[in-house]
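Residue strings, one per chain:
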Amino acid sequence: MALQGTCRDVGDVAVVDFSGKITLGEGSATLRKMVRQLVDSGHRKILLNLADVDYIDSSGIGELVGAYTTVRGASGELKLVHLTKRVRDIIQITRLFTVFDVQPDEAAAVNSFKQS
Amino acid sequence: MIPIQGLSSGVFSAFPMASAHQRVEVTLDTQLESVDLAENIVVRVAEAAGFGEDDVHKLGMAVREGVINAYNYGNAQDPQKKILLVVEFEPEKMIVHIVDEGRGFELSEVADPLAEENLLRTSGRGIFLMRAFMDDLAVRRGPTGGADLVMSKKLPHRAAGNGRQ
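Taken in order, these protein sequences are the chains called X and E. All the letters of the first sequence, read from the start, carry residue numbers 1 to 116 under the working numbering. All the letters of the second sequence, read from the start, carry residue numbers 1 to 165 under the working numbering.
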């Protein structure tokens with residue numbers, strides 16, 4: 001299934017609920033576009049909910065990293081929550097747990113953003 | 001050779017040979033759709049060969065990464081060029097070749113994506129993932145000078161150490 005994302009606000013945190021695959025082509029482009037739009041509209045606390053993302057390839061990982069650096073470049077924070085096993089395994093073996101802040105659940109994730 | 005038309009990209013040919021040596025060869029167009037197509041083909045072959053769900057996923061992903069490599073780097077997204085996908089079986093293992101029409105490369109040229117200075121790169125993890133998912137990975141020179149990515153995985157009954165013939 002092509003990647004789809006819907007945004008919602010939890011306080012001042014923008015939560016993006018993704019579903020589908022983050023892969024080369026439309027999927028990774030969707031992620032890139034959505035994060036860029038959030039940053040451009042002033043959001044600095046962004047949480048990506050990947051509960052319904054069961055597949056990611058190297059291009060998808062690249063877009064996640066790109067999203068992270070985009071948000072950081074705007075002095076914001078980007079976090080991940082609800083990784084599926086397959087996505088978690090890829091993040092693990094590529095050492096990206098040292099980059100991404102992966103939270104155990106949404107409530108913990110929302111609370112973990114710095115107070116502004 | 002039994003050519004089987006019907007796939008949206010290329011011609012699907014099955015070469016039944018000796019029982020222990022079977023081969024599937026597909027010529028793919030250099031287009032984004034070929035990435036999914038190659039993955040789907042290998043997933044089906046791997047399932048038919050008896051691999052478990054986890055290994056089928058790994059095989060599919062490794063081939064996906066290999067074809068992405070051929071599409072982006074080997075053939076530089078040139079629609080005039082082709083990507084050859086070959087799946088063959090030896091008694092002990094399944095072997096996949098992904099051959100492009102580029103200029104070839106050496107594995108030693110590929111930067112380590114786990115190095116601290118490379119962690120925030122948005123590309124460069126494909127080869128690493130292929131190595132992680134397969135038992136072996138090598139790069140040879142293809143017939144037109146491009147890269148021939150050769151990767152293999154032990155067949156399930158062999159990997160489990162059940163060596164009865």
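Keep in mind that the hints were calculated from the coordinates and are not lab data. One thing to keep in mind: the hints can contain errors.
Claimed, not checked - The calculated label-pair distances, taken between Cβ atoms and stated as ranges, are:
| hint | chain 1 | residue 1 | chain 2 | residue 2 | range |
| --- | --- | --- | --- | --- | --- |
| 1 | E | Gly124 | X | Arg72 | 15 to 23 angstroms |
| 2 | E | Arg23 | X | Asp12 | 24 to 32 angstroms |
| 3 | X | Lys114 | E | Pro79 | 42 to 50 angstroms |
| 4 | X | Gly73 | E | Glu116 | 43 to 51 angstroms |
| 5 | E | Arg103 | X | Val99 | 31 to 39 angstroms |
What the hints assert, rightly or not - With a Cα cut of at most 20 angstroms, we get these calculated SDA-like pairs of lysine to any residue:
| hint | chain 1 | residue 1 | chain 2 | residue 2 |
| --- | --- | --- | --- | --- |
| 6 | X | Lys33 | X | Ser19 |
| 7 | E | Lys58 | X | Thr70 |
| 8 | E | Lys154 | E | Ala132 |
| 9 | X | Lys85 | E | Lys58 |
| 10 | E | Lys93 | E | Leu32 |
| 11 | X | Lys21 | E | Ser152 |
| 12 | X | Lys21 | E | Lys154 |
| 13 | E | Lys58 | X | Arg88 |
All C-beta atoms, glycine included, are put in the ideal place defined by N, C-alpha and C.
Structure-based check of all given hints:
Remark: the range hint 15 to 23 angstroms for E:Gly124 to X:Arg72 is upheld by a beta-carbon distance near 19 angstroms. Our hint of 24 to 32 angstroms for E:Arg23 and X:Asp12 is violated, since their Cβ atoms are close to 58 angstroms apart. At roughly 48 angstroms, the beta-carbon separation of X:Lys114 and E:Pro79 lies within the given 42 to 50 angstroms, and the hint holds. Taking 43 to 51 angstroms as the suggested C-beta distance range, the pair X:Gly73 and E:Glu116 does not conform, at roughly 19 angstroms.
At about 32 angstroms, the CB distance of E:Arg103 to X:Val99 agrees with the hint of 31 to 39 angstroms. As the CA atoms of X:Lys33 and X:Ser19 are separated by approximately 15 angstroms, the hinted pair is consistent with the 20 angstroms bound. Proposed proximity of E:Lys58 and X:Thr70 is contradicted: the alpha carbons are some 30 angstroms apart, above 20 angstroms. Of the supplied pair hints, the one linking E:Lys154 and E:Ala132 holds, its CA atoms being roughly 14 angstroms apart against a limit of 20 angstroms.
With a C-alpha separation of about 13 angstroms, the suggested pairing of X:Lys85 with E:Lys58 holds against the 20 angstroms cut-off. For the hint linking E:Lys93 to E:Leu32, the alpha-carbon distance of about 29 angstroms lies beyond 20 angstroms, and the restraint is violated. Straight-line distance between C-alpha atoms of X:Lys21 and E:Ser152 comes to about 26 angstroms, which puts the hinted pair past the 20 angstroms bound. Proximity of X:Lys21 to E:Lys154 is assessed by CA-CA distance (about 28 angstroms); at most 20 angstroms being required, the pair is judged violated.
For the hint pairing E:Lys58 with X:Arg88, the CA-to-CA distance comes to about 14 angstroms; that is within 20 angstroms, so the pair holds.
Comparing the model with each numbered hint stated earlier shows that hints 2, 4, 7, 10, 11, 12 do not hold.
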